[in-house]
Each structure stands twice: as C-alpha cells, then as structure tokens.
Amino acid sequence: MPDRPVALARGARAGDAPADAGRPPHALALTWRQYRLERRMFWRNPSAAFFNFVLPLLFLVAGGAILHGDQHQLDKLVPAIAGMSVMSTTFTALAYNIVFLRERGVLKRIRGTPLPTSSYFGGVAANAVTNTALQIAIVVIAGRVFFGIGWPAHWAALVVFVVVGVVCFAALGVAFAHVIPNFESTAAYVNAVFLPVVLVSFYVFDSTTAPAFLRTIAGALPLLPLIEGLSGAIVTGASLSSNLDALAVIGLWGVFGLYFAVRGFSWEQSR
Amino acid sequence: MSDTDPAIEVHALTKRYGEYEAVRGIDFTVRRGEVFGLLGPNGAGKTTTVEILEGYRGRSGGEVAVLGHDPAERSIELRRAIGIVLQSGGIYGHVTPREVLGHWAGFYPHPRGVEEVLALAGLEDQADVRSRKLSGGQLRRLDFALALVGDPELMFLDEPTTGFDPAARHAAWETVRSLRDLGKTILLTTHYLDEAQELADRVAIVKDGRVLAIGPPRELGVGGSQYRVAYLDRDGGLVEHQTEDPTRLLNELTGQALSRGEELRELSVGRPTLEDVYLELTADA
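From first to last, the protein sequence lines stand for chains A and B. The first sequence begins at 1 in the numbering used here and counts up one residue at a time. The second sequence begins at 272 in the numbering used here and counts up one residue at a time.
Pulled out of the complex, with its shape left as it was, chain A reads as follows:
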C-alpha cells in the first residue's frame, strides 16, 4: 500500500501498455506468452532444472561408466534413458508443478482471469515438450559422441515416438496430480509410480530371460513400448510399421490419461 495517497486519473496509463491495446488478446498469443513465462520460471528454479536434466544425465553417465566398452549394453542404455527422460520431463514434472500451483492457490487465481484454459495448458505443455526435446537431443548427442551409437537411424520414427510419448505421459501426469492430496506427499506418490515403472521396463527391455508375467506387465505399461520404439528409431533402425503395436499401447494410455486429465482436473485444493 502506498505510504502516501496516489492520485491517478481514471484511464491514465503509463507508456508501457502493449501496442495492440484495445483488441482482445488472441488465444494463441496468450499461449505463447504463457510458454515464455514458463520457460523463464523453469530456468530460474534450480531444483526443477535439476530434476529435468541432471538426474537422467547422471544415469546416463553412471551407466556409461559401468558398461564401458560393452557396445551391446550401451545400445540398450541410450534408448532406455531417452524413454525415462520423456517420462521425467512430462509425467513427473507436470504432477509436481500442478500439485504445487494448486496448493499455493496460483491455479485458482489464474482461473479467475480471462486467460483461456486452453492457452494456459498449451503454454504449460509446450514448456514440458521443450524440456523433453532438449533432453532427447542431449541423450542422442551423448550416444553419438560418447557411446559409439550413430545418429538416429530413423528420424521420423524418433519424432513420432517422442511426440506420442510426450502426449501420453503429459496427460497421465496431469491426471495423476488429481490423485495426490497435497504437495508434501507428491514425491512419495510420483516415485511410487515412476520407480517401479522404470525398473520393470528397464529390466524387461534388457533381459532375455525375464519371466513372462513381467513381460506382460511391462508391455502393457507405456514406458517399455516407448523405449522399444525409441530403440528402433535411434539404434536398430526398425521401421515405424514394425512397432505399431507399441505405438498403440502408448496411444491408448494417452487417451486414458487425457480423459482423466480433463475430467478430474481441480483448480483448487480441497479443504
């Protein structure tokens, strides 16, 4: 509050109003603005940057050091880490983000403004997609430079699997946020899903002797199909058509996630 009364004529404006003042802002322009704000906030928050980039890279470096020289294993490591990166930059990051903003009342405040819901989520999702793209680029480049893997054999397949994987895991992250009661319990809830899914998917992907029931479980979850699709795109050069069933599993999870993301979304913390 001002220490002194501030007298301002109604309608008086400083010179920093947007040049197109007067016209209602376009939803796409607002999506872009939200995206830019999300990017700015992402880089200013060291812990978010850590979870998104450093942690998967540590896995990559540690795995690379352990498997040094074993090209067969390195061929498995790179797509596995790429798949995990998709999940951590979308599912994990969005669940954290939304629970935090919901609990702080930021979502409720946004809900009271004319910012269209589609613009808000468009900006938030584009921010997650940017992180995924950066992460995939880092993993692919690391594979090329350090792990003796060539450039992706099948760029189109790489793009398709990353896009479908991002949509699927982003939707599941938003839907999952609805289940998490408060921010303190977010880590427990997210890890209770993230760690088992990553472990079982990595194990089945790598092992030729995994029990059939584990294969069935991992194959029905979205991460293993994503890793297999990425492996085909980055390493083996398998065509898209040979991985259509994997794509279908991810797509089904995506539909499931989108349904609950939209239907169950809550803008404020239940009291």
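Among the hints, erroneous ones may be present.
Stated by the list, open to error - With a cut-off of at most 25 Å between alpha-carbon atoms, the simulated DMTMM-like pairs for lysine to aspartate or glutamate come out as follows:
(1) K478(B) - E490(B)
(2) K404(B) - D70(A)
(3) K404(B) - E184(A)
Said to hold, decoys possible - A few chain B residues that face chain A, going by a derived Cβ cut-off under 8 Å, partial list only:
(4) E325
(5) G329
(6) I347
(7) R350
(8) G361
(9) F378
(10) V400
Unchecked claim - For each label pair, taking beta carbons as the anchor points, the in silico distance ranges come out as:
(11) S185(A) - H282(B): 40 to 46 Å
(12) F183(A) - G304(B): 49 to 55 Å
(13) R44(A) - D516(B): 56 to 62 Å
(14) A188(A) - V400(B): 32 to 38 Å
If you are wondering where the hints come from, they were derived from the structure by calculation, not from laboratory data. Backbone N, C-alpha and C define an ideal beta-carbon position, used for all residues, glycine too.
Once you've looked at the hints, dock chain B against the given chain A.
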C-alpha cells in the same frame, strides 16, 4: 447493459454442500461505484456467496447477475470486467511483481500500465524482487495490483486484511479507498466491524447463510456512534450505559463516584462488537 443498472444483483441465492446449507436465501444489490461490504463471522457464508459471484462455484438456487452476466457461465467478457482478490491466492515465486503484472496485463483488452499499478499498490521498491522474497503485506499489495491491472469495473476483495497488523490494515484501507476513487465498484467481505465502517458505503450483515440487515454502516449501528460504558457497582453487579458521547458520560460517572468516595471497578469504554450487533438485530427480529 446500461450504466444505471446495478453492478450485482442477488436474489434468493442458496448453496448446499450435501446436507449443509451454506447460503440460505440471500438478497442484495450492489450499485455501480459503491463499496459494498458483506459483514459476518467466519462460516457465515460470505466467501461462498462471493465465490458464486466470481464464477468459482455453482449455486443451488436463486438468481444472480454480475454486470448483467450469469457468473456460472464463466463468460470471458465477464472475466475481463472483474478483478478478484482471493482470501488466499498464491503467485509464482520465481518471477518479479513487474514481470507477473506484465504477464497479467496481457490477458486484458484494456490493461492499466504496469508502472502505474505498481505505484498504486506501493510496490515500486519491490518491483524487481522475486515474489518468493516478498513479505505477507507486500504479497497482499501484489494481490491488489494483479486484480487491478486489467482495469476492471468491479472488484471482489475477500477478507482483504485478515491476519494483518494494524499498520498494514490501515495501508490496505488506503488502497481500497484509492480503488474507490478510481470509480471501481467494490464488493468486500470482512468480519471486522471497523473495516466495514471505514470502507463500505453499505453493508449486508450476514450470519448463518442469511442477511440480517442491509444499510449504511452508521444506520445499522455498526461500530458507529454508540459506545458502551460498563463498570461494577458496589455489589459487584454489572452496570452498562450506551452513549454517543463517552467523554461527557465518563466525566459525570467518575465525578459522582469520586464525590461518593467510591471506585468504578473494572471501568471500560468499548464499541459494540459484531456479536452485540447480531444480538441486537436478532432480538429485534
């Protein structure tokens, strides 16, 4: 709608949560350019009523018009014309007030200038400090600034000073007055008598989901002209006087007591509390 229509019309509004009736038939009208207070204790149904008007909640029954719109439809035109200060609304911690106000301004077709709003809210010195480093009072100013930056016709202030120390309260009151001076219509909720008295042109006193009385604060005796002077007599009985002139009454009472060589035990001068007003209003009914 024309400028002479009321800003807010509420008729027979009800809201049920399962078995519980939070709002049990509320009627009031807010005129354009006025500061209207919903005054009542916690749990009276004030916030439920305001959140229905803001479009956050549906209603169970009754008619509601906000600037001519049904808020339940959540039309973008209505959201462009209102500014909301929530009871507890958070903000992004890693951006500064200048940045977040610039972002918010982009939502509206006719925003006020960011610099102007920063000045109006008294945030010039914190304009480039990240929000997570701001104090509670500074964050409240940012709440006002964010609600104001779209240059709304109508502003909702839900318990704008709850939890404030006296200095911060008076500063917040100054801000509300400057909003009124800008021509804004304001609906505020409060459980402080003095706040309603200081800020509102008219108040509706709400309790248990019903309106007990509506009118200018003074006419309702809300923290207005009446003072209560009380003491214990020789037998320990409580003696109470109502007066508009406590100075004169105290002079008389203490003068008489001293001349009798007595003491006025537990002498106190007070303004009526919200509870007194309720008791009086419900006793009249």
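Taking the hints in turn, this is what the structure says about them:
no., hint, result
1, K478(B) - E490(B), "18 Å, holds"
2, K404(B) - D70(A), "50 Å, violated"
3, K404(B) - E184(A), "21 Å, holds"
4, E325, "6 Å, holds"
5, G329, "14 Å, violated"
6, I347, "5 Å, holds"
7, R350, "4 Å, holds"
8, G361, "3 Å, holds"
9, F378, "5 Å, holds"
10, V400, "13 Å, violated"
11, S185(A) - H282(B): 40 to 46 Å, "43 Å, holds"
12, F183(A) - G304(B): 49 to 55 Å, "41 Å, violated"
13, R44(A) - D516(B): 56 to 62 Å, "60 Å, holds"
14, A188(A) - V400(B): 32 to 38 Å, "33 Å, holds"
Of the numbered hints given earlier, the model fails hints 2, 5, 10 and 12; all others are met.
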